[in-house]
Amino acid sequence: MGRVEGKVAFITGAARGQGRSHALRLAQEGADIIAVDLADHIPNIDYPSATEEDLAETVRQVEALDRRIIATKVDVRDREALRAAIDDGVAQLGKLDIVVANAGICVIADWKGTSAEVWDQTIGTNLTGVWNTVQGTAQHLIDNGGGSIIMTSSAAGIKGLPFLSAYVSAKHGVVGLMRAYATELAEYNIRVNTIHPTGVNTPMGTLGGDAFGPLLEAHPKLGGMLANLLPIEITEPVDQSNAVLFLASDESRYVTSLELTVDAGNTQF
Amino acid sequence: MGRVEGKVAFVTGAARGQGRSHALRLAQEGADIIAVDIEDQIDSVPYPMSTPADMEETVRQIEALDRRIVATKADVRDYEAVKAALDDGVAQLGRLDIVAANAGIFSFGSMEELTEEQWSDMLDTNLTGVWHAVKAAIPHLKAGGNGGSIVLTSSTAGLMAIPNIGHYVAAKHGVVGLMRTLALELAPDFIRVNSVHPTSVDTDMIHNDATYALFAGDLPVAERTRDVVGERFQTLNALPIKWVEPVDISNAVLWFASDESRYVTGVTLPVDAGSLIK
Numbered sequence: 136m137g138r139v140e141g142k143v144a145f146i147t148g149a150a151r152g153q154g155r156s157h158a159l160r161l162a163q164e165g166a167d168i169i170a171v172d173l174a175d176h177i178p179n180i181d182y183p184s185a186t187e188e189d190l191a192e193t194v195r196q197v198e199a200l201d202r203r204i205i206a207t208k209v210d211v212r213d214r215e216a217l218r219a220a221i222d223d224g225v226a227q228l229g230k231l232d233i234v235v236a237n238a239g240i241c242v243i244a245d246w247k248g249t250s251a252e253v254w255d256q257t258i259g260t261n262l263t264g265v266w267n268t269v270q271g272t273a274q275h276l277i278d279n280g281g282g283s284i285i286m287t288s289s290a291a292g293i294k295g296l297p298f299l300s301a302y303v304s305a306k307h308g309v310v311g312l313m314r315a316y317a318t319e320l321a322e323y324n325i326r327v328n329t330i331h332p333t334g335v336n337t338p339m340g341t342l343g344g345d346a347f348g349p350l351l352e353a354h355p356k357l358g359g360m361l362a363n364l365l366p367i368e369i370t371e372p373v374d375q376s377n378a379v380l381f382l383a384s385d386e387s388r389y390v391t392s393l394e395l396t397v398d399a400g401n402t403q404f
Numbered sequence: 022m023g024r025v026e027g028k029v030a031f032v033t034g035a036a037r038g039q040g041r042s043h044a045l046r047l048a049q050e051g052a053d054i055i056a057v058d059i060e061d062q063i064d065s066v067p068y069p070m071s072t073p074a075d076m077e078e079t080v081r082q083i084e085a086l087d088r089r090i091v092a093t094k095a096d097v098r099d100y101e102a103v104k105a106a107l108d109d110g111v112a113q114l115g116r117l118d119i120v121a122a123n124a125g126i127f128s129f130g131s132m133e134e135l136t137e138e139q140w141s142d143m144l145d146t147n148l149t150g151v152w153h154a155v156k157a158a159i160p161h162l163k164a165g166g167n168g169g170s171i172v173l174t175s176s177t178a179g180l181m182a183i184p185n186i187g188h189y190v191a192a193k194h195g196v197v198g199l200m201r202t203l204a205l206e207l208a209p210d211f212i213r214v215n216s217v218h219p220t221s222v223d224t225d226m227i228h229n230d231a232t233y234a235l236f237a238g239d240l241p242v243a244e245r246t247r248d249v250v251g252e253r254f255q256t257l258n259a260l261p262i263k264w265v266e267p268v269d270i271s272n273a274v275l276w277f278a279s280d281e282s283r284y285v286t287g288v289t290l291p292v293d294a295g296s297l298i299k
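Going down the list, the sequences are from chains A and B. If you count the first sequence from 1, you need to add 135 to reach our numbering. If you count the second sequence from 1, you need to add 21 to reach our numbering.
If you are wondering where the hints come from, they were derived from the structure by calculation, not from laboratory data. Be aware that a few hints might be false.
Unchecked claim - Pulled from the structure, derived: some chain A residues nowhere near chain B, Cβ distances all over 10 Å: (1) 194; (2) 196; (3) 205; (4) 207; (5) 228; (6) 266; (7) 300; (8) 355; (9) 370; (10) 378; (11) 396; (12) 398; (13) 404.
Claimed, not checked - The following label-pair restraints were derived from C-beta to C-beta distances: (14) 196/A / 225/B: 35 to 41 Å; (15) 229/B / 230/A: 38 to 44 Å; (16) 131/B / 227/A: 32 to 38 Å; (17) 156/B / 348/A: 38 to 44 Å.
Cβ atoms here follow ideal geometry from the backbone N, Cα and C, with glycine treated the same way.
Produce the entire structure from the sequences given, and follow the hints as far as they go.
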């Protein structure tokens with residue numbers, strides 16, 4: 136008996152990285168998956184964008200576990216398209232129990248180098264995209280008699296980090312969204328929590344970091360803010376997924392409004 | 022393969038209630054157990070505390086799961102007794118990976134009314150007792166070289182004030198300070214330290230005449246039924262439930278104890294049905 140056996144999970148940003156890992160971990164434990172991803176070129180980022188092939192690979196891996204998956208190419212900023220993908224997935228899989236608002240982007244730049252376009256795309260995807268996700272799914276959870284919403288924030292949603300001002304702002308905003316929804320949705324037996332990763336071994340987490348180098352050389356005092364307390368450089372996607380799984384499962388049935396740091400202690404000092 | 026297969030866990034207050042539940046949940050997932058409990062009364066505690074018969078039942082239930090358990094009668098206020106019990110358990114079971122510092126008491130009175138005895142029993146058990154358990158465990162965890170996971174039982178009262186239990190609030194807030202300091206000090210050895218924060222839990226600590234009187238003192242004793250008092254407990258929670266079950270806390274302890282949370286440290290995890298957001 137899997138830990139989320141028979142449940143249905145909606146996951147944004149599921150083509151690769153943490154999102155794919157969440158889909159696989161939940162499917163391993165018995166869930167069916169509704170997946171969305173932009174799967175297209177993203178301007179301004181220093182790492183490769185996810186592709187339609189990536190999303191197809193997530194589908195292949197979930198199906199190899201003998202679970203069902205409905206995958207749609209959609210931008211979380213496109214409210215109507217997102218809602219259509221959610222409604223279609225729920226219609227096909229019959230219900231919705233779990234929401235994982237994971238889709239996000241990250242652009243590294245100092246305050247002067249942060250363009251209005253970068254600000255808008257980061258807030259649009261990492262904050263408004265989460266709002267769009269919950270607005271489109273909450274009624275399905277209510278119809279189901281309860282559920283679990285997990286939002287991916289960041290260590291940068293708890294403390295300030297340098298050269299990520301739009302990202303830090305969006306991820307702090309996610310905490311506000313989580314807390315607000317947790318109060319309003321509790322009466323429907325819907326729990327709302329955030330996870331707060333430190334660096335994760337994904338294309339975004341590893342290939343996008345080069346821009347930090349010259350900025351930290353110019354501002355060496357700030358480098359320590361990126362360090363972990365536990366003696367590791369980076370976490371694996373499955374570490375984040377194991378936190379998502381705990382929050383998605385009935386093991387945490389009375390846990391709500393929690394900021395769960397999976398950050399190797401990054402926010403502790 | 023259990024989620025904590027082959028690990029050894031030290032659980033304080035394991036004779037009954039949450040402590041027994043933690044021991045059983047960890048054993049179900051493959052751990053062996055070192056258990057201590059006071060199995061005796063503290064005079065300032067207004068409800069019956071655990072007994073040797075309770076601990077015998079914990080031992081029986083663990084052994085029924087085909088796991089090993091070393092159980093000792095020890096008061097967490099007595100560091101030497103705790104250390105001796107743990108050293109003996111590690112000698113018999115061969116290692117130590119997990120600490121669930123759970124032992125605690127409850128009593129009440131306004132800050133103006135609390136007696137010296139209530140205050141000192143509370144702080145000695147619920148705060149100093151936690152430090153004793155951890156202090157005794159750290160050398161074993163370090164010696165194992167595999168890191169480890171320490172889970173401290175605080176309370177919603179460790180993150181917010183609740184009137185008429187100021188000594189409990191102070192002790193449980195103190196546990197958070199202890200947890201955070203330990204997380205910093207022990208990180209280089211890959212020992213993770215986190216706390217759990219239950220709302221009311223369905224155990225003997227809340228289902229007793231004294232606690233019912235605290236919640237329904239305006240009613241005649243005969244009307245202080247489980248259902249009536251339960252409705253008042255429910256007003257503490259945001260989720261529509263009266264109290265949580267011991268296994269809900271144990272599932273949080275299990276997650277912290279397992280390698281699923283191998284990079285999680287310094288977390289205050291409420292299992293509180295939203296009590297803190299009300």
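Hint compliance check: list the failing hint numbers for this structure, sorted ascending.
9, 10, 11, 12, 13, 14, 16
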